[in-house]
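Peer 1: What follows is each chain in one-letter form.
2 protein chains.
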Amino acid sequence: MSWRDNLIRIEPYVAGAQPDKTDFIKLNANENPYPPSPKAIAAIREFNAENLKKYPSANAVPLVKAIAKREGLQPENVFAGNGTDDVLSLAFRAVFNSKKPILFPDITYSFNTVWCDILRIPYETVPVDEGFNINPDDYARENGGIVIANPNAPTSIGEDLDFIRKILDKNRESVVIVDEAYVDFGGVTAIPLLKEYDNLLITRTFSKSRSFAGMRLGWAMGSAELIAAIYATKDSMNSYPVDSIAQAAGIAAVEDEEYFQATLKKVIATRERLIREMRTMGFKLPDSQTNFVFATHPEIPAHEIFGYLMEQDIYVRWFNKPRIDNYLRITVGTDEETNKLIDALRDFVYEKRWQAREHALNSGWVTED
Amino acid sequence: MSWRDNLIRIEPYVAGAQPDKTDFIKLNANENPYPPSPKAIAAIREFNAENLKKYPSANAVPLVKAIAKREGLQPENVFAGNGTDDVLSLAFRAVFNSKKPILFPDITYSFNTVWCDILRIPYETVPVDEGFNINPDDYARENGGIVIANPNAPTSIGEDLDFIRKILDKNRESVVIVDEAYVDFGGVTAIPLLKEYDNLLITRTFSKSRSFAGMRLGWAMGSAELIAAIYATKDSMNSYPVDSIAQAAGIAAVEDEEYFQATLKKVIATRERLIREMRTMGFKLPDSQTNFVFATHPEIPAHEIFGYLMEQDIYVRWFNKPRIDNYLRITVGTDEETNKLIDALRDFVYEKRWQAREHALNSGWVTED
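As given, the protein sequences belong to chains R and Y, one line each in that order. Quick note: to get our numbering, add 942 to the position in the first sequence (first position is 1). Quick note: to get our numbering, add 942 to the position in the second sequence (first position is 1).
Extracted from the complex, chain R is given alone in its bound form (with noise of 0.2 Å):
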């Protein structure tokens, strides 16, 4: 018998390669290629470090003020935490205190396993279709709640209102969590439904569309009941409230609506103008309502593609997970990174046809015209 006995018993993760060197493009963690809002900027040098010596404002009232004034809601509507993580992982103690299963898609946000393993949560995963996509028919049973992203990562496939409505509809008796990380990247969001449904729950990131990948914070979104459970749960768990300098910049990002609409577009239309380049090479891709691209080639398997970016400095990401194990995630870069993406594609998608054409002649199987 040893203290070792005791120790968690899982595998030790093994990261991706993160290169000493800087000059890499980083295209896989889906950050922003944008950096927050200059008013954000300046609101953390002008913050007052020396009130960091005081735990912050309870509850982020200032901060919860701002957000809910931006989406049009009452800040009873809004719980505001250190990252969707820390909001997630307090929505799924206060809402899902059921025996029966919470649904999720098959293929999502890893975070749903992860947290309903630690908090004996049963779930069942629903498969998705050949396309990715998530049928609302699937969720039209017994549960004991439902946590779809929309859109949906890795597929970065979104859905209308209707979709999240038919979900909501066969579901009046479980809390349906619409997690909406990536919304803001041309996806529809649900918070019309909010005054329809007061078992929607809403999450959303400062992380992806406000470029602060670098701090921690989130935001939860729903009927006062529900967001009222969800600080229940934070003052149960003696959870701290957000950085007060996360408070501080995200205030200022979120009131800086131009910005943030201006830097929405310029990463759409280099995402439209990738989707359509990467199409002409080849390459099967839904549309995406999200800041990256989910694609696969007919003829080329998607772990040597990601290989070979590698080897030219280009960091994209690829899951080595049943179903999704010939697709790459690609994170819409700058245009100057996408260049370079696009061109180290298209060198190795005609060099691989080239070697196939090679290799077809020599074999006999096809004739030089």
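A portion of the hints provided could be inaccurate.
Claimed, not checked - No more than 25 Å apart at the CA atoms, straight line, and that leaves these computed lysine-lysine pairs for PhoX-like:
#: 1; chain 1: R; residue 1: Lys1282; chain 2: Y; residue 2: Lys1282
#: 2; chain 1: R; residue 1: Lys995; chain 2: Y; residue 2: Lys1282
#: 3; chain 1: R; residue 1: Lys981; chain 2: Y; residue 2: Lys981
#: 4; chain 1: Y; residue 1: Lys1207; chain 2: R; residue 2: Lys995
#: 5; chain 1: Y; residue 1: Lys995; chain 2: R; residue 2: Lys1207
#: 6; chain 1: Y; residue 1: Lys1137; chain 2: Y; residue 2: Lys1011
#: 7; chain 1: Y; residue 1: Lys1207; chain 2: R; residue 2: Lys996
None of these hints come from the bench; they were simulated from the model.
Got chain R sorted already, so can you dock chain Y onto it with the hints?
Peer 2: Relative to the frame of chain R, chain Y by itself:
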């Protein structure tokens, strides 16, 4: 059946009064009365906030190296996280996977029970004695792990190295976590024992002695094996690395030893004066190795003193809990704040004594000389 049936069943927490006014003396959260190191403040002001668009460096390596250097350890012996609560929750998950109960004192940091409940870790609390002292012999029994806060909160009592060694010697088969949140204010650290005991894990926070209550920053120290288990847990939980600004500020704070020591010296001097003055008023309180005192008065109920101080715009902490509901936990503030506290306490104690004397005279129990 309604979604409401699956909401968490807890009483909404009623927070202590948080006045809207700002000109009150806040001695109820063990915050440091002095600001963070000027070098840390400069690090925040000079932080390149454009970089917030990217996720922070994995595993906070530069911060871990700075902490390791300061504590005379190797980086492999240090884990940094988003606050002590983040570090402790990951550590509990990583090292307490036994069916036997973990042990901790009945009077200690309230985090323990919360996270044992969430993680379904069996536990038993061990009563401290009437003087709130922990008896190491009480921990010489089968267990799945041990958590000791040293110095302990809210008692303010610190124990020496022999005490920790006794617990470790009786528990070679369990992980022993020593939470040293307050150790810098005169406690004795268990760091020298790390090279002898590979089952010892020490946790620390930046919130108190380094004046960073407004940010989330904490760390753990232990054998490479224990630290690796925490990293593996963090990675398996998809848990985010430390906030980028907090990393930069943390490094600057850890490296500014001179300011750190000067601040501690001031807090300790004020604390000793406060203890002397309170004892002259009849308060009973143990010696403190923390930045707060834990006091009771044999003649006046604690909640009356608590209420009186609040009327004087001085906020201290009163726990309405078994065994400690006649005690006040009072944070050591600046000298000016402490002077006002002492004056208010003296006024109230003398007024109460006067009232008691009048009452006794009127009842004929006591005759005037």
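Peer 1: Now tell me, hint by hint, if it's right for this structure.
Peer 2: Going down the list of hints, with the structure as the test:
no.	hint	verdict
1	R/Lys1282 - Y/Lys1282	66 Å, violated
2	R/Lys995 - Y/Lys1282	20 Å, holds
3	R/Lys981 - Y/Lys981	24 Å, holds
4	Y/Lys1207 - R/Lys995	17 Å, holds
5	Y/Lys995 - R/Lys1207	17 Å, holds
6	Y/Lys1137 - Y/Lys1011	16 Å, holds
7	Y/Lys1207 - R/Lys996	19 Å, holds
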